[in-house]
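Participant: The lines below spell out each chain.
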Amino acid sequence: MTRVLIVDDHRLFRSGVRAELGDSIEVVGEAEDVETAVQAIAAHQPDVVLLDVHMPGGGGQEVLRRVLGSGSQVRFLALSVSDAAEDVIGVIRGGARGYVTKNISGKELTDAIRRVAEGDAVFSPRLAGFVLDAFASSEAPSIDPELDSLTQREREVLRLIARGYAYKEIAKELFISVKTVETHVSSVLRKLQLSNRHELSRWATARRLV
Amino acid sequence: MADQKTLAEPTGDAPYRRMMRPMEGRLLGGVAQGLATQLSLDPVVIRLMFVLLSVVDGVGMVAYAVLWMITPRQPHEGQPPQRDWSQLAAFSAIGVALFAFGWLTGASQGGIGMLPFAVGGIGALILWQQADPERRKSWVRGATSSIRKNRVRTLLGVALVVVGAVGFLYAQGELAQARPGLLFTVVVVGGLAVIAAPWLAGLWKELQLERRERIRQEERAEVAAMVHDSVLHTLTLIQRVAHDPREVSRLARSQERELRNWLYQPAQDADATVAAAVRRIAAEEEDAHGVPIEVVCVGDIALDPAGKLAAMLKASRQAMVNAAKYSESPSISVYAEVEGEEVTIFVKDRGKGFDLDAVPLDRMGIRESIIGRMERHGGAARIRTSVGDGTEVMLTMKVEKA
Chain A
0 MTRVLIVDDH
10 RLFRSGVRAE
20 LGDSIEVVGE
30 AEDVETAVQA
40 IAAHQPDVVL
50 LDVHMPGGGG
60 QEVLRRVLGS
70 GSQVRFLALS
80 VSDAAEDVIG
90 VIRGGARGYV
100 TKNISGKELT
110 DAIRRVAEGD
120 AVFSPRLAGF
130 VLDAFASSEA
140 PSIDPELDSL
150 TQREREVLRL
160 IARGYAYKEI
170 AKELFISVKT
180 VETHVSSVLR
190 KLQLSNRHEL
200 SRWATARRLV
Chain B
0 MADQKTLAEP
10 TGDAPYRRMM
20 RPMEGRLLGG
30 VAQGLATQLS
40 LDPVVIRLMF
50 VLLSVVDGVG
60 MVAYAVLWMI
70 TPRQPHEGQP
80 PQRDWSQLAA
90 FSAIGVALFA
100 FGWLTGASQG
110 GIGMLPFAVG
120 GIGALILWQQ
130 ADPERRKSWV
140 RGATSSIRKN
150 RVRTLLGVAL
160 VVVGAVGFLY
170 AQGELAQARP
180 GLLFTVVVVG
190 GLAVIAAPWL
200 AGLWKELQLE
210 RRERIRQEER
220 AEVAAMVHDS
230 VLHTLTLIQR
240 VAHDPREVSR
250 LARSQERELR
260 NWLYQPAQDA
270 DATVAAAVRR
280 IAAEEEDAHG
290 VPIEVVCVGD
300 IALDPAGKLA
310 AMLKASRQAM
320 VNAAKYSESP
330 SISVYAEVEG
340 EEVTIFVKDR
350 GKGFDLDAVP
360 LDRMGIRESI
370 IGRMERHGGA
380 ARIRTSVGDG
390 TEVMLTMKVE
400 KA
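Chains A and B are the protein sequences, given in the same order. Residue numbering for the first sequence follows numbering that gives the first Met the number 0, beginning at 0 and increasing consecutively. Residue numbering for the second sequence follows numbering that gives the first Met the number 0, beginning at 0 and increasing consecutively.
Be a bit skeptical, because a hint or two may be false.
Pairs of lysine-lysine, DSSO-like flavour, derived with a Cα cap of 27 angstroms [claimed, not checked]:
id, chain 1, residue 1, chain 2, residue 2
1, B, Lys324, B, Lys307
2, A, Lys106, A, Lys167
3, A, Lys171, B, Lys351
4, A, Lys101, A, Lys178
5, B, Lys313, B, Lys324
6, B, Lys351, A, Lys167
7, A, Lys106, B, Lys313
8, A, Lys106, B, Lys324
Hints listed in this document are in silico derivations from the structure and should not be mistaken for laboratory results.
Just chain A, with the same shape it has in the complex (with noise of 0.2 angstroms):
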């Protein structure tokens, strides 16, 4: 049984989850704010926050520093309805393990929360997108080579997550197992989280601009 807190400044989209989640999580409590969300995750330290991306006081990514920099080893999940490249970089940077838009199914989801309950990492295909984008923009040389470029394999993987492939499916198309396609998506995140290229941020507000 999985646990999970759902963070959202709408009642009514809380409740709607809730009814959408299926038998295998359990909701162990609901916040609204980045102050009742930070009390309510130590209260209830449950294994995936679903964290909305823009609350009042901060919004999720005060939320994920306030929570992370304590030292909890709590997994968030970010669920928004934004499609702007700086918040969706901007949460995953900030730690949270995942990122789906809220048009999600409800299977989809329940997936998605198994997912980063066991330390793995979710992508969407937007998201996906991001990140080949992000990453393809290389013109400055990097710092860490190791950590500021893609492998082949992970690009490969990213790309069939942003035609619409699911995990198994990409697992069948590279003759690979799912377990190594997750490792792949981890490791991208990974990188996504540590890599030092300030283009990393610096496209993410330009896509927004341009």
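Fit chain B to the supplied structure of chain A, relying on the hints for placement.
Facilitator: Using the frame of chain A, we list chain B on its own:
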């Protein structure tokens, strides 16, 4: 100076403060003191002003007399207090000295030339008395605070004005020499500019502030218009077709897409680049068939003049139409990638799929509109499908970068 205590502290918050002539601390009729209270200035300044003006054809005296007549006396209980004769003597001495100086240099012979100044000054005083108390307060507050903040600047300005004025009077005496007159005029203007600079700067800042506020309001109006024209409209439509879930979700989708584009997408010309064109085509087909089409674009390229990419876009539209119409898939994924000179578009569904070999030759959809069209323009189309496993159409095209 003796009157420092009376500076700038108006008693009480009377809503409409009229100028009064107080008995307390008056030298002559209390006009200067009343005016000083009204202007939140030191009475000494006002007194000196009257003295100075009196030297110029007695304008000061006239003004004093006029104000004495039109200003009511402040009610005072008990014995009227004694006048401070020593101060009155001092001001009189200054006046006499200036008058003598003017007479000696011939400055006061300015005569009619000085009249406009006097008339203007009195006009200004009357205007001041009639002005809206709120506005007057804000003028005074601005002026006094800036004077307090910039003592040096104010002193410098006053000094320049005095030098200029004296020089002006002096030059008036020697009309033949117009040059020094001009010079002193410049000095006077300079002094006034120095004094007025902070006030002008404040005014400018206020203007900027107003402009920003106006821009913000315009933006708000734009948002309101957007919400009103499209969102409210769609919500009304949704209520009307509430019995048809397919139509409801189509309306909601299309409204969501519109709002998203407006919020997150830069204004793009859909006829200029591949990514923008793919997004538009997907939106149009989504609207036409009521099946959600998710679009992800990586990289972008301008459409080529030769029309290769335009042909590719037509093929991709056909692929989307096929998926929406025949696959029975709940959603369609479109992925467009530009890598250097190569453009690739994938259209994938999770529908029922079909047997490619079993497609009759006369079915124009796939053979002509997709494969044939791509090949004619030097590209390629690959179709992967099997019954029950969905379909993916992959289009590739190489273009020369401009």
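Participant: Kindly indicate which numbered hints from before are broken by the structure, ordering the numbers from low to high.
Facilitator: Failing hint: just 7.
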